[in-house]
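Visitor: Keeping the supplied structure of chain A fixed, place chain B upon it in accordance with the hints.
Chains as they are written, first to last, in my numbering: chain A, 1 to 300; chain B, 1 to 286.
Simulated from the structure, these hints should not be mistaken for lab results.
Every clue listed holds true.
One side of the interface only, derived from the structure: several residues of chain B facing chain A at Cβ under 10 Å: (1) Leu18; (2) Tyr91; (3) Tyr95; (4) Arg130; (5) Leu147; (6) Thr178; (7) Ala210; (8) Leu263; (9) Met266.
Straight-line Cα separation of at most 35 Å, DSBU-like style, residue types lysine-lysine; simulated pairs: (10) A:Lys184 with B:Lys9; (11) A:Lys143 with B:Lys57; (12) B:Lys9 with A:Lys115; (13) A:Lys112 with A:Lys184; (14) A:Lys115 with A:Lys299; (15) A:Lys115 with A:Lys143; (16) A:Lys299 with B:Lys9; (17) A:Lys112 with B:Lys9; (18) A:Lys112 with A:Lys299.
All of these numbers come straight from a predicted model, not from anything done at the bench.
Glycine residues also receive a C-beta, built at the ideal position from the N, C-alpha and C atoms.
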Amino acid sequence: MRRTEKSKRATSFRERLVEFGLLGSGVLSIFTTVAILTVLAFETVGFFQEVTFAEFFGDTQWTPLFSDKHFGIWPLIGGTFLTSLIAVAVALPLGLLAAVYLSEFARESVRKAVKPALEVLAGVPTIVYGYFALVFITPLLQKFIPGLAGFNALSPGIVMGIMIIPMISSLSEDALHAVPATLKEGSYALGAGRLATIFRVTIPSAFSGIVASVILATSRAIGETMIVAIAAGQQPRLTLDPRVPIETMTAYIVQISLGDTPTGTIEYKTIFVVGASLFAITFVMNILSQRIARRFRGKI
Amino acid sequence: MSHSTLRRKLAERSFIGLCIAAVALPLIILIVLMVDVGIDSIDRLNWSFLSSYPSRKAEEAGIRPGLVGSVYLIALTAAMALPIGVGAAVYLEEYAKRGWLANLIEINLANLAGVPSIIYGLLGLKLFVRTIGLGRGLLAGACTMALLILPIVILASREALRTVPLSIREGAYALGATRWQTVSQVVLPVAFPGILTGAILSVSRAIGEAAPLIVVGALAYIAFLPDGINSPFTVLPIQIFNWVSRPQREFLDNAAAGIVVLLVTMLLLNGLAIYLRNRLQKRRYW
Numbered sequence: 001m002r003r004t005e006k007s008k009r010a011t012s013f014r015e016r017l018v019e020f021g022l023l024g025s026g027v028l029s030i031f032t033t034v035a036i037l038t039v040l041a042f043e044t045v046g047f048f049q050e051v052t053f054a055e056f057f058g059d060t061q062w063t064p065l066f067s068d069k070h071f072g073i074w075p076l077i078g079g080t081f082l083t084s085l086i087a088v089a090v091a092l093p094l095g096l097l098a099a100v101y102l103s104e105f106a107r108e109s110v111r112k113a114v115k116p117a118l119e120v121l122a123g124v125p126t127i128v129y130g131y132f133a134l135v136f137i138t139p140l141l142q143k144f145i146p147g148l149a150g151f152n153a154l155s156p157g158i159v160m161g162i163m164i165i166p167m168i169s170s171l172s173e174d175a176l177h178a179v180p181a182t183l184k185e186g187s188y189a190l191g192a193g194r195l196a197t198i199f200r201v202t203i204p205s206a207f208s209g210i211v212a213s214v215i216l217a218t219s220r221a222i223g224e225t226m227i228v229a230i231a232a233g234q235q236p237r238l239t240l241d242p243r244v245p246i247e248t249m250t251a252y253i254v255q256i257s258l259g260d261t262p263t264g265t266i267e268y269k270t271i272f273v274v275g276a277s278l279f280a281i282t283f284v285m286n287i288l289s290q291r292i293a294r295r296f297r298g299k300i
Numbered sequence: 001m002s003h004s005t006l007r008r009k010l011a012e013r014s015f016i017g018l019c020i021a022a023v024a025l026p027l028i029i030l031i032v033l034m035v036d037v038g039i040d041s042i043d044r045l046n047w048s049f050l051s052s053y054p055s056r057k058a059e060e061a062g063i064r065p066g067l068v069g070s071v072y073l074i075a076l077t078a079a080m081a082l083p084i085g086v087g088a089a090v091y092l093e094e095y096a097k098r099g100w101l102a103n104l105i106e107i108n109l110a111n112l113a114g115v116p117s118i119i120y121g122l123l124g125l126k127l128f129v130r131t132i133g134l135g136r137g138l139l140a141g142a143c144t145m146a147l148l149i150l151p152i153v154i155l156a157s158r159e160a161l162r163t164v165p166l167s168i169r170e171g172a173y174a175l176g177a178t179r180w181q182t183v184s185q186v187v188l189p190v191a192f193p194g195i196l197t198g199a200i201l202s203v204s205r206a207i208g209e210a211a212p213l214i215v216v217g218a219l220a221y222i223a224f225l226p227d228g229i230n231s232p233f234t235v236l237p238i239q240i241f242n243w244v245s246r247p248q249r250e251f252l253d254n255a256a257a258g259i260v261v262l263l264v265t266m267l268l269l270n271g272l273a274i275y276l277r278n279r280l281q282k283r284r285y286w
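In isolation and in its complexed conformation, chain B is listed as follows:
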C-alpha cells in the first residue's frame, strides 16, 4: 500500500470518528440533562408534590393546579383542533382539485407552521381574550393552542390519508358509494390508526408549550382548581417557569420535580400513541 493511500485512509477514519462524535455529543448532552433534572428532583418528587397547591414555602409547594390545568386545557384543545384538523386534511386530500383555493391553503399551512408560537399568544390575547371577550380563562387558552397545533394535526392526518391505497377508494365508488360515504366508511376507518397517532403526538407537543399561554394570561400562582371553561388557570410549564424564575435555590428543585412530571406525562402520551398504532395496524384491510 502506497504512502498516500495510507494517509487517505487515515484521514477518512478520523473524519468518520469526528462525524460519530458530532452525533454522540448532543445525545450525551440529552442524557446529562435528564440525569441532572432527575437528581435535582429527587428530594421533592413525592405524592404530596402532586397533590399540593403552590406555596411560599418551597418544600410545601405542589403542582396540582398545573397538572389539572394542563389536562383540562389539552382536552379542550384536542376537542377543537382534532375535528377541524382532520376535516381540513380530508378536504385537501380527498376533495380539493388542485384549484387556487387548495393551493392557497397549502402555501398558507407551510407558512403558519413557521410562525413562532409566541405570535399565536399575541393573536389569542387580542382576539379571544379582548375582542371576543373570553377573558384570561381556559377557553381562551385552548382556542389559542388549537390554532397553534392545527397545522401539525393537518399535516399528520394528511400523511395518514395518503397511506390509504387508491384501489380501496375505487372499490367503494364501483359499488355506487358517494364521495362522503367512501370517505367516512372506507377511507377514514383505514387511516384511523395513523390519524390517531399524529393527533396524540401534536397534542403532546401542546403540553410542553408555555410561551403563548403566558401571553394569553395564564397565571403562574393559582391556589385553586379551574371550575369552568372561563376559569383562570395555570399549566405545568408555566408553574415550572414560575419556580425557575425565583431567586431562592429551593424552588429550583421544585422546578426540576415539575419537569419530571411534565416529561413523564409526555412520555406516557407518546407510549400510548405507539401502542395504539401497533395494535390497530394489525387489522389489515388489504
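With the rest of the complex left out, here is chain A:
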C-alpha cells in the first residue's frame, strides 16, 4: 500500500516535470519575440543618442559610410518599396488568375498536380533567384530596355514577384473557395454567365481574403534579402526609376555585415536601426493581413 502511494507520488511528480518542460519549449517562442524587440530597441536608442529624429526622418540621403555622413532613412525605404511594388505588380495578376483557375475551372486531378508545382516556387532558395536575376533576367531585359544598368530594381523585383506568386495564389484560392455556392447559384439563376459571376460575385465576395494574401506577400517581398542584395545594387537613392541601382533596407544590412564593423560604432548601430524599421513595417503589415483575413472568415 505504502509502495503504491510512493510510486503514485513519483509518477505525478514526473508528470508535472514533463508538463513544465513542454511549457518551457512553448514559452521559448515568446522569449524569442521579447529578445528581438529588446535587441532592436536597445541599439536603436543608442543610435538616436547620436543622430536626431529630424535627421533620420527628414534627410533624403543615406551615407553612413562616407566622411560626410547623412542618416536619412527614406532612400532605403524607397528602394525597398520600389522592388516590392514591382514584385506585387508581377505576382498579383498571375497569382490571382492562377487562384481563379484552380478554384473555379481546374479539374481536381489538375489542381492536385499544379498546386504543389506552384509551391516549389516559394521553396527555391532565394540565393538561386538572385543568381537568376543577375545572370539571366538583367541581360535579357537589357536587350529591350535601353539604359538598364547591370544592377537595377526591375530585375530583382520581377524575380521576387515570381517567388511570391504561390503565397497569393494559394491564400486567394482558399478565399475564393470559401465563397458559398449559394451566392454563385443565385448569380447563375439571374442569368449571369460564368465570367460575370466570377468578376461580379465570387471575386468581390472573396475580396478581403485576397487583400490579406496580397499584404502578406508584399510583407514577404519587403523582408526578402538575398535577391536584392545580389541584383539591385548598393546605392541608396530616392528614385522611382527601376532602371538604376538602388539599395533596400535588407541589402544595406548585408552590405555592412560583410565588412568588419566593430561593436559600438555608428555603422554598427545603423544596421539595428534599419532592422527595427524593417521589423516595424513588416509587423504592421502582418497584423493588418491577419485582421483582414479573420474578418473575412467571420463574414463568410
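Guide: Just chain B now, kept in the frame of chain A:
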C-alpha cells in the same frame, strides 16, 4: 445558338486560356531557371569542385568548406530546434487548456513566422555572438537558425499530432495511463512519420538560408574545415553569394555549380522525407 451566347462562350474560353497561361508562365520560368543554372554549371561540376577549397583562381576553387559547414550547421540546428519544437507542439496540442498563456503562444507564433529572416540574424549577432559571447562560430549560427525554423517545426508537428484520432488517446486513458504515458507511448509514435516529414522539410529550408548567417558573421572565404562548435565557418549559400558578387565572369560558373550542389542536397532531403513518410505510414495503427 444566339449571337450573344456565342460571344459569351468565346470570352469564357479566352479567359480560361489566360488563366492557364498565368499558371504556366511561372512554371516555365522555373524550368528556364533550372536549365540556365544547369548549363552554366556544366564546366565546373566535377569531383574536384566538391573536394577543393575556395581559391583566387576560379577553375581551382571548390565548395568543400561550404558543404561541410552546411552539414555541421544543419545537424546542430536540428539537434536544438527539433526537441524544442516538438515539445512546444505537444504542449499546445495535448496539454494547453485554451488559457491565456496558450493563446499568447499561439498569437506569438503566427507573428514570428512573418518576421524577415535577416532580423533573426540581428538577434543572433547581438544575443549569441556578443552578449553570450559565442563568437562568430558554428554554434552561434546554429542557435540563430534554430530560432528561425522553430515556428515552422512547431506548426508541422502540431499538424501531425492533430491527425492522431482522439479515440486512441481515450483508449490509453481508459487503460489507466497518465497523460505523459499516453503522449510518449501512444500519440508520439503514431504521429512520428508526420513529425519527421515536417522536421526534414523545415531543416531543408534552413539549408538555403544565407541572410541571417551573413549578419551573424559566417565568413565567405574559408580555406579550412570547422574543427569545433565555436570554429569559424561558411555554408553553401554564402559561398555561392561570394562567387556571385565577384566581378569576374568565371566565378559566376562556380556559383552555378554551387547552386546545383545546393539544390541536389535539398532535393535529396525532400525525397528522403517523402520516402520515410510513405514507408512509415504503411504501419497503420487503426
